[in-house]
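Using the sequences and the hints given, assemble the complete structure.
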Amino acid sequence: MSLATESGRDRARARNGWLLSLPALVLLIVGASGPLLIVVTYSFLKPGEYSGVIWEFSGQAWFQVLFQRDIFDGTLGWADAHLTIFWRSVRLSLLTTAITFAAGLPTAWFIAMQPPDRRAMWLFLITIPFWTNLLIRTFAIMEVIRNEGILNSALMGLGLIDRPVQILYTDTAILIGMAYVYLPLMVLPLYAAIDRFDLRLMEAGYDLYASRMRVLRRIILPIIRPGIVAGSILVFVPSLGAYVTPRLLGGGKNMMIGNFIELQFGQGRNWPLGSALSMVLLAVVMIALLVYVRVAARGDVVR
Amino acid sequence: MGQRSDGERNVSEPAAVEARDTVKTFGAGEQAVRALDRVSLTIRRGEFFTLLGPSGCGKTTLLRLIAGFESPTAGAILIGGRDVTAEPPNRRPVNTVFQSYALFPHLTVAQNVGFGLEMLGRPMAEVRATVERMLALVKLEAMAGRRPQQLSGGQQQRVALARALAPAPQVLLLDEPLSALDLKLRKEMQGELKRLQHETGITFVFVTHDQEEALTMSDRIGVMSAGRLLQVGPPREIYNRPVNRFVADFIGESNFLPGRVERGAVRLGSGDLVSVPGLPPEGTAVTIAVRPEQVRIGAAGEPGTIAATLTDAVYFGTDTHCHLALADGAEVVARLQSPPSGEIGLAPGARVGLRFAEGAVQVLGD
Ligand SMILES: Nc1ncnc2c1ncn2[C@@H]1O[C@H](COP(=O)(O)OP(=O)(O)OP(=O)(O)O)[C@@H](O)[C@H]1O
Ligand SMILES: [Mg+2]
Chain F
267 MSLATESGRD
277 RARARNGWLL
287 SLPALVLLIV
297 GASGPLLIVV
307 TYSFLKPGEY
317 SGVIWEFSGQ
327 AWFQVLFQRD
337 IFDGTLGWAD
347 AHLTIFWRSV
357 RLSLLTTAIT
367 FAAGLPTAWF
377 IAMQPPDRRA
387 MWLFLITIPF
397 WTNLLIRTFA
407 IMEVIRNEGI
417 LNSALMGLGL
427 IDRPVQILYT
437 DTAILIGMAY
447 VYLPLMVLPL
457 YAAIDRFDLR
467 LMEAGYDLYA
477 SRMRVLRRII
487 LPIIRPGIVA
497 GSILVFVPSL
507 GAYVTPRLLG
517 GGKNMMIGNF
527 IELQFGQGRN
537 WPLGSALSMV
547 LLAVVMIALL
557 VYVRVAARGD
567 VVR
Chain P
165 MGQRSDGERN
175 VSEPAAVEAR
185 DTVKTFGAGE
195 QAVRALDRVS
205 LTIRRGEFFT
215 LLGPSGCGKT
225 TLLRLIAGFE
235 SPTAGAILIG
245 GRDVTAEPPN
255 RRPVNTVFQS
265 YALFPHLTVA
275 QNVGFGLEML
285 GRPMAEVRAT
295 VERMLALVKL
305 EAMAGRRPQQ
315 LSGGQQQRVA
325 LARALAPAPQ
335 VLLLDEPLSA
345 LDLKLRKEMQ
355 GELKRLQHET
365 GITFVFVTHD
375 QEEALTMSDR
385 IGVMSAGRLL
395 QVGPPREIYN
405 RPVNRFVADF
415 IGESNFLPGR
425 VERGAVRLGS
435 GDLVSVPGLP
445 PEGTAVTIAV
455 RPEQVRIGAA
465 GEPGTIAATL
475 TDAVYFGTDT
485 HCHLALADGA
495 EVVARLQSPP
505 SGEIGLAPGA
515 RVGLRFAEGA
525 VQVLGD
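Respectively, the protein sequence lines represent chains F and P.
According to the working numbering, the residues represented by the first sequence are 267 to 569, in order.
According to the working numbering, the residues represented by the second sequence are 165 to 530, in order.
It is worth saying that the hints were derived from the structure and are not from the lab.
No experiment lies behind these values; they were computed from the predicted model shown.
Accuracy of the hints is not assured; some may be wrong.
If you want the footprint, here are the derived chain P segments under chain F, 3+ residues with CB under 8 Å [said to hold, decoys possible]: (1) 240-254; (2) 264-270.
Partial chain P-side listing against chain F, Cβ under 10 Å, derived [as the list claims (entries may be wrong)]: (3) Arg228; (4) Phe233; (5) Gly285; (6) Ala324; (7) Arg327; (8) Ala330.
For each label pair, taking beta carbons as the anchor points, the in silico distance ranges come out as [to be verified]: (9) P/Pro257 with F/Met479: 19 to 25 Å; (10) F/Ser477 with P/Ala308: 23 to 29 Å; (11) F/Thr393 with P/Pro218: 44 to 50 Å; (12) F/Met479 with P/Met288: 18 to 24 Å; (13) P/Arg297 with F/Asp461: 36 to 42 Å; (14) F/Ile295 with P/Met288: 51 to 57 Å; (15) P/Asp483 with F/Met479: 57 to 63 Å; (16) F/Asp461 with P/Ala390: 31 to 37 Å; (17) P/Ala308 with F/Leu548: 41 to 47 Å; (18) P/Lys348 with F/Ile295: 56 to 62 Å; (19) F/Asp461 with P/Ala308: 28 to 34 Å; (20) P/Met288 with F/Val559: 31 to 37 Å; (21) P/Pro257 with F/Ile394: 48 to 54 Å; (22) F/Asp461 with P/Ser204: 39 to 45 Å.
We put the CB at the ideal spot given by N, CA and C, even for glycine.
What follows is the structure, given as structure tokens:
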């Protein structure tokens, strides 16, 4: 076959490929970039009186994300409430990631060590909560942790406490809820990484005088790192934008970014601020993903 | 490592490895597999000891018991005279070269080699110096910064070797380390292993199911079958004085001829008498074994020979294998050195007289 026809055919194939992916591309551009553009645009407009926007350029919303002017003397100050919400969101998301990792690693390890014909069953059990509506699951958690709930009744029944412990409507409640909801997202990539891990490397480690702890830290964790990073991202990103869980378990006061954004489009009647906050959230997620790409690429060389 | 004094090796010195009535059973109840059956073994210091046997006979299991990856169902393991049966692998002064190499994929070649010393808490300077020395020993200085997956099979094998040698273990365990290599590289590495063993003076326990490898490399060989240790001895002894039919058959080729002790000799099925020293009492049924290269072919009817008929001659280059039938049809194979012409001058159907070389006939029990 001559080179000319070869490259000609390649070009034709490439063109056909483009044509075939055109519908998907159009859908992506319209479906993803469109709304994004709207949000960016709205963040630079003025809020309408009751809702919506007034078509007039303004940097006010972006200013409001971080700063506020005192109502009485007009001095400039940090928007403490916003910063508190940001910080709570990041902190709770990081904690959720840490908790799901601590609980997910032994779980994933356990599943990977099962005989192959039984692993599918365990993985299915792990994913079962996914098939149930999130609201229902969250209400179930409320039933467990509320003051007259199962947990407090049991603890009081055992005489360990004499007054109910307030868990519901605290950050702890949000943490419990998010860790429960996102645990499968941590377990699955960890399982995939451990499943690929060559157990003989552990024996090699022991043989070379490493203790169990050191085998874990120096051999297992570095090698399954791509799974750790993937699981962390899969948990961290949706945690950061979580809405239902903090709304129900945190009550009205303990807001996370998702709830705060919703507030701007509802009672707050400040669509531009909501849009700007959405962009901030997106930026944080993008940064997290960039870190992931970096670390995962490094992990690839290793593997 | 080189600093271990090789000079004073005496009888009272504890054995490098000792297995005492070791039993290993996998599973329980109906499906229980007895991988090792009351194996007792003493491996001397500085020795190149080979475990040889067919697949599934328990070689790897015995090695894993010595390394500490499995614990024996019964019996004890001693290393350098110390009972280590209850010790985990990271507290035993032995290192393993794994069949799959098991190199750490996330570490460089140098980091792999230095891993053991680092875990032992040696100072960084010492680790670096030893790693350099080890890489020089296996001729991989140029590869120090590479990852294992960027190396060829033979290079990976050498890294595994250097990694296991670096902490200067009392005993090095090697589980079929050459089986993944092609023939040429395999021969090269055989020589390399012998050289390393010689230079370091470390006791090597080597597992293989390749009898030629075992014969050429070992100081002593332990032949295993179905979880039992059948015979332990130097290569010549294993080859020339096999204790039973299994060993004779597994190591090299042998002609087996059944017979009965009669008048201080063995009466074969063909009616011929073969004189062998040290026979059991009159009338006992025995089997004699003769290596093909110890069978001589002479003219038919020569006194003291066994009458046979040539059925086939197969040319192997250096050798020609002659298949012969005795009077009762029993087959004997003779291995002759091929003459310069390549023709042995005998056609199938030719009548010949066989003789067994002096001292070449073995009488086997079962
Ligand atoms: N973990 C295990 N569980 C159950 N049976 C096992 C286990 N390990 C080994 N066995 C059995 O024990 C016997 C000896 O196995 P071993 O691996 O020691 O053989 P080997 O001599 O090394 O064979 P090969 O030359 O094929 O490597 C075999 O019958 C094997 O099936
Ligand atoms: Mg084996």
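Consistency of the hints with the structure:
Beta-carbon proximity to chain F at under 8 Å applies to 3 residues in the segment 240-254 of chain P; the threshold of 3 is reached and the given coverage holds. Chain F is given as covering the segment 264-270 of chain P, and this holds because 6 residues of the stretch bring a CB closer than 8 Å to a CB of that chain, at least three being needed. Interface hint status for P/Arg228: upheld, as the beta-carbon distance to the closest one in chain F is roughly 9 Å, under 10 Å. The closest approach between the C-beta of P/Phe233 and any C-beta of chain F is roughly 6 Å, which is under the 10 Å cut-off, so the hint is satisfied.
The restraint placing P/Gly285 at the interface with chain F holds, with a minimum CB-CB distance near 9 Å, inside the 10 Å limit. Checking P/Ala324 against chain F: minimum C-beta separation of about 9 Å stays under 10 Å; hint holds. Hint on P/Arg327 holds. Least Cβ distance to chain F is approximately 7 Å, under the 10 Å limit. Evaluation of the P/Ala330 hint against chain F yields a held restraint, the C-beta minimum of about 9 Å falling below 10 Å.
Taking the beta carbon of each, P/Pro257 and F/Met479 are about 21 Å apart, inside 19 to 25 Å as hinted. For the pair F/Ser477 and P/Ala308, the supplied restraint of 23 to 29 Å holds, since their beta-carbon distance comes to about 27 Å. Under the hint 44 to 50 Å, the C-beta atoms of F/Thr393 and P/Pro218, about 46 Å apart, fit the expected range. Under the hint 18 to 24 Å, the C-beta atoms of F/Met479 and P/Met288, about 21 Å apart, fit the expected range.
Under the hint 36 to 42 Å, the C-beta atoms of P/Arg297 and F/Asp461, about 38 Å apart, fit the expected range. Between F/Ile295 and P/Met288 the CB atoms are about 55 Å apart, so this pair conforms to the stated range of 51 to 57 Å. At roughly 59 Å, the beta-carbon separation of P/Asp483 and F/Met479 lies within the given 57 to 63 Å, and the hint holds. With their beta carbons about 34 Å apart, F/Asp461 and P/Ala390 fall inside the hinted range of 31 to 37 Å.
Between P/Ala308 and F/Leu548 the CB atoms are about 45 Å apart, so this pair conforms to the stated range of 41 to 47 Å. Between P/Lys348 and F/Ile295 the C-beta distance comes to about 59 Å, which sits within the given range of 56 to 62 Å. For the pair F/Asp461 and P/Ala308, the supplied restraint of 28 to 34 Å holds, since their beta-carbon distance comes to about 32 Å. Our hint of 31 to 37 Å for P/Met288 and F/Val559 holds, since their Cβ atoms are close to 33 Å apart.
A hinted range of 48 to 54 Å for the beta carbons of P/Pro257 and F/Ile394 is consistent with their spacing of about 50 Å. Remark: the range hint 39 to 45 Å for F/Asp461 to P/Ser204 is upheld by a beta-carbon distance near 41 Å.
In this structure, none of the earlier numbered hints is contradicted; all agree with it.
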